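Residue numbers (the UniProt record's numbering), protein chains in the order written: chain A, 1 to 226; chain B, 1 to 62.
I should point out that these hints are in silico values taken from the structure, not numbers from a laboratory. Careful: at least some of the hints might be erroneous.
Pairwise CB distance ranges (calculated) [to be verified]:
| id | chain 1 | residue 1 | chain 2 | residue 2 | range |
| --- | --- | --- | --- | --- | --- |
| 1 | A | F164 | B | S20 | 29 to 35 Å |
| 2 | B | V28 | A | A159 | 14 to 20 Å |
| 3 | A | E194 | B | F36 | 32 to 38 Å |
Which bits of chain A does chain B cover? Going by a derived footprint, with three or more residues having C-beta under 8 Å, they are [claimed, not checked]:
| id | region |
| --- | --- |
| 4 | 88 to 99 |
| 5 | 149 to 160 |
All values derive from a computational prediction rather than experimental measurement. For each residue, glycine too, the CB sits at the ideal point set by N, CA and C.
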Amino acid sequence: MTKNLLTSAVFAGVAAGLIAALLQFVFVIPALLEGELFETGARVHFGANGSPESDRGSPGLGTEWARHAMTMGFNVVTYVGFGFLLLAAMAFAEMRGLTTITPKQGIIWGLAGFIAIQLAPAIGLPPELPGTPAAEIGPRQMWWLGTLVASSLGLWIIAFGRGFTALGGIVLLLIPHIIGAPHLDAFWGVAPPELSAEFVTLSLGAAAAGWSTLGFLCAWFWTKEL
Amino acid sequence: MNAQNNTAAQTKAIARTDLSVLPIAFAVLGGLMLLFASGYAQASVLHDAAHDQRHAMAFPCH
Numbered sequence: 001m002t003k004n005l006l007t008s009a010v011f012a013g014v015a016a017g018l019i020a021a022l023l024q025f026v027f028v029i030p031a032l033l034e035g036e037l038f039e040t041g042a043r044v045h046f047g048a049n050g051s052p053e054s055d056r057g058s059p060g061l062g063t064e065w066a067r068h069a070m071t072m073g074f075n076v077v078t079y080v081g082f083g084f085l086l087l088a089a090m091a092f093a094e095m096r097g098l099t100t101i102t103p104k105q106g107i108i109w110g111l112a113g114f115i116a117i118q119l120a121p122a123i124g125l126p127p128e129l130p131g132t133p134a135a136e137i138g139p140r141q142m143w144w145l146g147t148l149v150a151s152s153l154g155l156w157i158i159a160f161g162r163g164f165t166a167l168g169g170i171v172l173l174l175i176p177h178i179i180g181a182p183h184l185d186a187f188w189g190v191a192p193p194e195l196s197a198e199f200v201t202l203s204l205g206a207a208a209a210g211w212s213t214l215g216f217l218c219a220w221f222w223t224k225e226l
Numbered sequence: 001m002n003a004q005n006n007t008a009a010q011t012k013a014i015a016r017t018d019l020s021v022l023p024i025a026f027a028v029l030g031g032l033m034l035l036f037a038s039g040y041a042q043a044s045v046l047h048d049a050a051h052d053q054r055h056a057m058a059f060p061c062h
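All chains, please: the whole structure from these sequences, using the hints.
In structure tokens:
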């Protein structure tokens with residue numbers, strides 16, 4: 001059974017990681033590379049002439065194939081990691097007799113993973129477009145980790161808690177945001193706010209698609225008759 | 001035939017509900033190790049290679 005659980009997570013993670021990477025190359029990385037033009041000063045928004053106007057348009061993926069191969073590789077590593085955790089949670093729920101996993105239900109699990117691991121931390125720490133400086137990495141990682149742990153537990157309690165204990169899940173979801181994520185005392189961003197906003201929504205959209213695919217595939221590989 | 005299918009399905013369900021804690025713990029450990037490498041470790045070689053993916057995945061990067 002170990003083999004089934006782990007190999008299912010690997011197959012699902014590799015497939016979902018490749019799909020997520022494809023979505024990122026089409027939608028997210030072009031915006032990221034456009035942000036880098038402002039980070040390096042190749043383009044200047046809020047220019048010295050008193051006008052905030054600057055050209056719009058992504059430079060495209062270019063020819064940095066090694067760099068993009070790394071991005072694809074790390075997407076696969078990340079999604080296999082997510083797959084291990086997601087399938088462990090599914091298996092644990094089934095072992096405790098809380099539910100019976102089906103592929104369609106897997107989509108819901110995947111979306112719950114998206115909410116806990118991507119959306120909840122992004123509410124406090126939006127995905128960073130290059131050229132938008134943020135607070136020290138240490139405290140941000142602490143808050144990020146705390147938020148995804150609290151949010152995962154919160155969703156679990158809402159899903160499987162009995163009676164009023166579900167309310168405890170809502171409290172867990174809220175606490176990180178009441179504490180608040182670490183931020184700088186001033187705004188330092190050199191990229192256009194519109195581009196930064198687009199980058200955030202595009203990356204969250206790609207992650208939502210990646211996670212629901214992952215949830216479906218984890219459940220499908222794990223439950224299918226071999 | 002039908003009965004056979006039912007038995008097979010039952011065996012499968014039992015086999016799956018019979019999952020012990022060990023493989024689950026193993027999966028959790030494996031997942032955490034992979035995510036530490038892809039999203040959390042600050043070693044500069046790892047950071048540079050994973051840079052775009054971390055930005056795109058909303059991991060705190062640098």
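Checked hints:
| no. | hint | result |
| --- | --- | --- |
| 1 | A:F164 to B:S20: 29 to 35 Å | holds, 32 Å |
| 2 | B:V28 to A:A159: 14 to 20 Å | holds, 18 Å |
| 3 | A:E194 to B:F36: 32 to 38 Å | holds, 34 Å |
| 4 | 88 to 99 | holds (count 6) |
| 5 | 149 to 160 | violated (count 0) |
Violated hints amount to a single one, hint 5; each of the other numbered hints is respected by the structure.
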